[in-house]
Amino acid sequence: MAQQMARDIGSSGLLTSTANNQTVTFHVVPIENQSSDEINKEMIPAGIVTELLQALGGRIAVLDRSAGGLGAVQQERAAKRSGAVTANEGKRGDVLGSDYVLRGVIRDRIQQSGSLKSAFYQVVFSLTDLETGRTVWQNMYQTKFESEKSVISR
Amino acid sequence: MFRLLPTLGIALFLCACAVDMPAVPMRNFVDGDIATVASAMQSELENGDDENRALVLNILAQCEQLLGDHEAAWRHFGEAGRIMGNWSTSGSEEFAAIVGSEGSKTYKGDPYERAMSAFYLALNYLWRGEPDNARAVLKRGILADAEVGDEKYQADNPLLFWLAGRMSTLMGKGEDARDYFAEAATANTFAMQHGSRGDASNQLFGRPGAGNVVMLVECGLGPEKFAAGRMEELASFRPRFHPAQRCFVSVDGKSVGETAVIADVFYQARTLGGTEMEGIRKGKAVFKTGALVAGQVMLQVALNDRNRDRAATTAIVGGGLLLLGLLTSTAADVRHWPTLPATVQALTIDLAPGTHTIELRFADAVGTVLPNLQQSWSIQVPSGTESYYLFRSLPGLDHLAQPPAATAETTRIEMRP
Numbered sequence: 000m001a002q003q004m005a006r007d008i009g010s011s012g013l014l015t016s017t018a019n020n021q022t023v024t025f026h027v028v029p030i031e032n033q034s035s036d037e038i039n040k041e042m043i044p045a046g047i048v049t050e051l052l053q054a055l056g057g058r059i060a061v062l063d064r065s066a067g068g069l070g071a072v073q074q075e076r077a078a079k080r081s082g083a084v085t086a087n088e089g090k091r092g093d094v095l096g097s098d099y100v101l102r103g104v105i106r107d108r109i110q111q112s113g114s115l116k117s118a119f120y121q122v123v124f125s126l127t128d129l130e131t132g133r134t135v136w137q138n139m140y141q142t143k144f145e146s147e148k149s150v151i152s153r
Numbered sequence: 000m001f002r003l004l005p006t007l008g009i010a011l012f013l014c015a016c017a018v019d020m021p022a023v024p025m026r027n028f029v030d031g032d033i034a035t036v037a038s039a040m041q042s043e044l045e046n047g048d049d050e051n052r053a054l055v056l057n058i059l060a061q062c063e064q065l066l067g068d069h070e071a072a073w074r075h076f077g078e079a080g081r082i083m084g085n086w087s088t089s090g091s092e093e094f095a096a097i098v099g100s101e102g103s104k105t106y107k108g109d110p111y112e113r114a115m116s117a118f119y120l121a122l123n124y125l126w127r128g129e130p131d132n133a134r135a136v137l138k139r140g141i142l143a144d145a146e147v148g149d150e151k152y153q154a155d156n157p158l159l160f161w162l163a164g165r166m167s168t169l170m171g172k173g174e175d176a177r178d179y180f181a182e183a184a185t186a187n188t189f190a191m192q193h194g195s196r197g198d199a200s201n202q203l204f205g206r207p208g209a210g211n212v213v214m215l216v217e218c219g220l221g222p223e224k225f226a227a228g229r230m231e232e233l234a235s236f237r238p239r240f241h242p243a244q245r246c247f248v249s250v251d252g253k254s255v256g257e258t259a260v261i262a263d264v265f266y267q268a269r270t271l272g273g274t275e276m277e278g279i280r281k282g283k284a285v286f287k288t289g290a291l292v293a294g295q296v297m298l299q300v301a302l303n304d305r306n307r308d309r310a311a312t313t314a315i316v317g318g319g320l321l322l323l324g325l326l327t328s329t330a331a332d333v334r335h336w337p338t339l340p341a342t343v344q345a346l347t348i349d350l351a352p353g354t355h356t357i358e359l360r361f362a363d364a365v366g367t368v369l370p371n372l373q374q375s376w377s378i379q380v381p382s383g384t385e386s387y388y389l390f391r392s393l394p395g396l397d398h399l400a401q402p403p404a405a406t407a408e409t410t411r412i413e414m415r416p
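These protein sequences, in sequence, are chains V and B.
Counting in numbering that gives the first Met the number 0, the first sequence runs from 0 upward without gaps.
Counting in numbering that gives the first Met the number 0, the second sequence runs from 0 upward without gaps.
Source of the hints: derived by calculation from the structure; they are not laboratory data.
Any given hint might turn out to be false.
[Stated by the list, open to error] Here are the simulated BS3-like pairs of lysine-lysine, each with C-alpha atoms no more than 30 Å apart in a straight line:
#1 K172(B) - K143(V)
#2 K143(V) - K116(V)
#3 K116(V) - K172(B)
#4 K79(V) - K90(V)
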């Protein structure tokens, strides 16, 4: 799914069409889970980012907006500015603003008949322009699992 | 035909091998010596029976939670939950379930144990800042409470519904929250009508979304499972005595009230959909009679079959079934989670952001305070969000670990030039 997502976004041209040859920036938030199964919220977004970076390389900039990432950036910038640690003057710059945010939500519908259970999962990803608030891209991925209940139901 | 012989051999072996309850140092647990219990469970994980893995993980995770190691608690509750989920199993497990002794099966917990495991895992997800995953786990716990075998029962665990409502609010899903709160009130009314402890005028259901600080307090000790019946074929429940039944709360020296029961664990254990169970294990006794009948029928068919090869196969299978029927153990499986509380209680309050001192005074049924269980905690209430704390009526816990961090705040970018 991550590969397909990355291909779809890449082929939309959104992440590479900018004015003045500036690099498009975006960040990814952990997927929102509305299903009945707990999930690793960062696995799918991490897969998408990996695929996009491999496909589009230096034409996009992925920003780390996680609490840990931002905290590390703040701490290091403060240490450099105060002279507590050395700073590479050539790397000095502003923290980049994000042009887009990639969000996802997973939902499910569970149906049960006797000992058979089917679970239908729908994952919707959308790219939002953070300047205008407009959703510029959205796609949906669906999958279904069927399973049989164990005879062990202690 | 000869492939059946090893299978029958394995079946005979399984009939004889029951898995015992892991040795849990309950005296240490009741005395608040959680580290010793954790160490014993770690040893059980390494050296004990694999069939008890989920049970041991749950007890270990509970200890890790009390000791403040929430990362380990989250991992271990998660693993226990995956084992206890009853929608996937291997073929050998299915076979063992049919012919082996009850205790030879992988422990997957009774519905009330699965519900409590889900409750703890949900809290751990919440403390990691993932209310959506917490809600997903609570949904699973609600299903586990209502679904036993192929039967569906009235879901009557108000705690899981109420927390799912709170999580829905945190997720910004107001409509979902209202539905869950309504289910929580219905579940509470139903449970009380069928013998659960509780309070009909419980403010937790009257104003379910109130308060930015949620205190969940576990009182007493959960039920004990024992073998009953003429052939000890029924696994039944009885309460374990522990004096702590109520909790009075003070904040910064001022009384804010008493916690209210939101889950009666003993009621959850001994009932299914509000109906008191005679015991678990009756099905196994029925199977024994069925196997004897099936074996006799197959032997008769073999005698009448003119096809010699088919007759031989039928006779061996029939004879094997008779032998299995005679050897199938009817002893009840009394493995259970002994460190659960008798009740989960809750109190919600509004506190200003900043440091506050919480004092908990546990009391017996008539309100006599138990001084050795008194606890004093310092908490940091964040601004702009809710915080959830879990406490337990065991001595000295406030000397072990600080209450876990509140729900994660929204990240704000404050960059300096």
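The hints, checked one at a time:
1. Restraint check for K172(B) and K143(V): the C-alpha separation of about 25 Å stays at or below 30 Å, so the hint holds.
2. Pair hint K143(V) plus K116(V) holds up; C-alpha atoms about 11 Å apart against a cutoff of 30 Å.
3. With a CA separation close to 27 Å, the supplied pair K116(V) and K172(B) stays within the 30 Å bound.
4. Restraint check for K79(V) and K90(V): satisfied, since their Cα atoms lie roughly 11 Å apart, inside the 30 Å limit.
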